[in-house]
Amino acid sequence: MSLVFAGICSHAPGITGRAEMAAAELREPLYEAFRGMRQQLAAARPDALMVIAAEHFANFFMNNMPSFAIGMSDQYQGPIEDPAWLRIPRVSVPGNAHLSRKLIQEIMQTVDVSYAEEWKFDHGIMVPLHFLTPQFDVPVIPVNINCQGPPLAPLHRAWAFGEAIRRAADSVPQRIALVGTGGISHWPATPDSGRINEAWDREFLARWSNNDRSAMLSYSDSDTYRDAGQGGFEIRTFISVAAAARGAGHLQHYMPIPIFAVGCTVATMDIAA
Amino acid sequence: MSLYQLQKFLFDINRDPSVQAEYRKDAATLVQRYDLTGEERDAIVGGDVGLIYVLGANGQLLMHFAAFLGMPWPAYIQSMRDGITKHGPVRAGIYAMTTTVDERVAGV
Numbered sequence: 001m002s003l004v005f006a007g008i009c010s011h012a013p014g015i016t017g018r019a020e021m022a023a024a025e026l027r028e029p030l031y032e033a034f035r036g037m038r039q040q041l042a043a044a045r046p047d048a049l050m051v052i053a054a055e056h057f058a059n060f061f062m063n064n065m066p067s068f069a070i071g072m073s074d075q076y077q078g079p080i081e082d083p084a085w086l087r088i089p090r091v092s093v094p095g096n097a098h099l100s101r102k103l104i105q106e107i108m109q110t111v112d113v114s115y116a117e118e119w120k121f122d123h124g125i126m127v128p129l130h131f132l133t134p135q136f137d138v139p140v141i142p143v144n145i146n147c148q149g150p151p152l153a154p155l156h157r158a159w160a161f162g163e164a165i166r167r168a169a170d171s172v173p174q175r176i177a178l179v180g181t182g183g184i185s186h187w188p189a190t191p192d193s194g195r196i197n198e199a200w201d202r203e204f205l206a207r208w209s210n211n212d213r214s215a216m217l218s219y220s221d222s223d224t225y226r227d228a229g230q231g232g233f234e235i236r237t238f239i240s241v242a243a244a245a246r247g248a249g250h251l252q253h254y255m256p257i258p259i260f261a262v263g264c265t266v267a268t269m270d271i272a273a
Numbered sequence: 001m002s003l004y005q006l007q008k009f010l011f012d013i014n015r016d017p018s019v020q021a022e023y024r025k026d027a028a029t030l031v032q033r034y035d036l037t038g039e040e041r042d043a044i045v046g047g048d049v050g051l052i053y054v055l056g057a058n059g060q061l062l063m064h065f066a067a068f069l070g071m072p073w074p075a076y077i078q079s080m081r082d083g084i085t086k087h088g089p090v091r092a093g094i095y096a097m098t099t100t101v102d103e104r105v106a107g108v
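So the sequence lines, in the order shown, correspond to chains Z and W.
For the first sequence, the numbering used here gives the first residue as 1, with consecutive numbering after it.
For the second sequence, the numbering used here gives the first residue as 1, with consecutive numbering after it.
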């Protein structure tokens, strides 16, 4: 049918794994924003949810690193992390191999995407699903953009990937929802964890909300690394969503929560023709 | 310096319970599979998270090894600061430290 929902959100493992270490007045509004996104997602009645995440060596490593990959299985498992560490129980999540194959074939017309018939979800997908489809009852199509092991795909290729996802979503009879997950500025899993460049985040989110392609693609990786840390490379997932949705973005929530290591973000985007 | 091999070990142990069991049983034998320097081998066998950080390991790999070793989050963060204090700045990779050892940006 078409793309029926588009949004972005944070996926930091601390959001669930270190929940009690954040003050309730910071934590609860984030959770409320996730609940709001969950309702909007459900209202869109998706047949499948594509989650564009920037995974963290759960499935892909530098021995064979795809810039872009999509899952093609009827079932996935997650989290790959210790469930006690992430505080999300290990579950099976339904996929749709046939639908994945159709989408991949269309995306391949313009982007050389890899596919994977095995995929274990890490926090990049499990934290968003925990809030957005907590019963794990919506088939998920996992999508990955390498944001961890340089060299990374240029931002304009992340944009092209998003355009291809949109074209593919519009080519199938199913109702497709799309959620990009990641951080904006952050220095995760280092002694700097908790450092957040709020001004940089808000500038990026303004560019994203305006769906300003040239402004979003103007960041160099060296500038991002300097101003937004290695975690800032994950803007690729948000950029792909903007390219797919083409509309205006609506920031539902943004709040730096240092113990969660990111400016916690929930936003939706209009789907324009 | 063989950062790729060091990180390959972390990748393997993070996702493979059989490698985790081997580590607990005989870490010194396990690391022979990897083309590591003596310093890297000692860091892995000794569970020296601070030194592994200084050697350049990606934090997304290292934090799970630290959890496997039983380190709570604040202890993991502190171990990296201690590694910097003892061994100097991060030598490779993209997870260099940008704060000082006295900063507690997230309160831990």
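Simulated from the structure, these hints should not be mistaken for laboratory data.
Ideal placement from N, C-alpha and C gives every residue a C-beta, glycine not left out.
Treat each hint with caution, since some may be false.
[What the hints assert, rightly or not] Simulated restraints, written as ranges between beta carbons of each label pair:
| # | chain 1 | residue 1 | chain 2 | residue 2 | range |
| --- | --- | --- | --- | --- | --- |
| 1 | W | Val19 | Z | Pro94 | 25 to 33 Å |
| 2 | W | Val101 | Z | Ser209 | 21 to 29 Å |
| 3 | Z | Asp221 | W | Gly46 | 32 to 40 Å |
| 4 | W | Ala21 | Z | Ala23 | 33 to 41 Å |
[Stated by the list, open to error] According to the in silico footprint, chain Z covers these stretches of chain W (three or more CB under 8 Å from chain Z):
| # | stretch |
| --- | --- |
| 5 | 20-34 |
| 6 | 45-51 |
| 7 | 76-84 |
Evaluated hints:
{"no.": "1", "hint": "Val19/W - Pro94/Z: 25 to 33 Å", "verdict": "holds (29 Å)"}
{"no.": "2", "hint": "Val101/W - Ser209/Z: 21 to 29 Å", "verdict": "violated (38 Å)"}
{"no.": "3", "hint": "Asp221/Z - Gly46/W: 32 to 40 Å", "verdict": "holds (34 Å)"}
{"no.": "4", "hint": "Ala21/W - Ala23/Z: 33 to 41 Å", "verdict": "holds (39 Å)"}
{"no.": "5", "hint": "20-34", "verdict": "violated (count 0)"}
{"no.": "6", "hint": "45-51", "verdict": "violated (count 0)"}
{"no.": "7", "hint": "76-84", "verdict": "holds (count 4)"}
Hint violations for this structure: numbers 2, 5, 6, all remaining hints satisfied.
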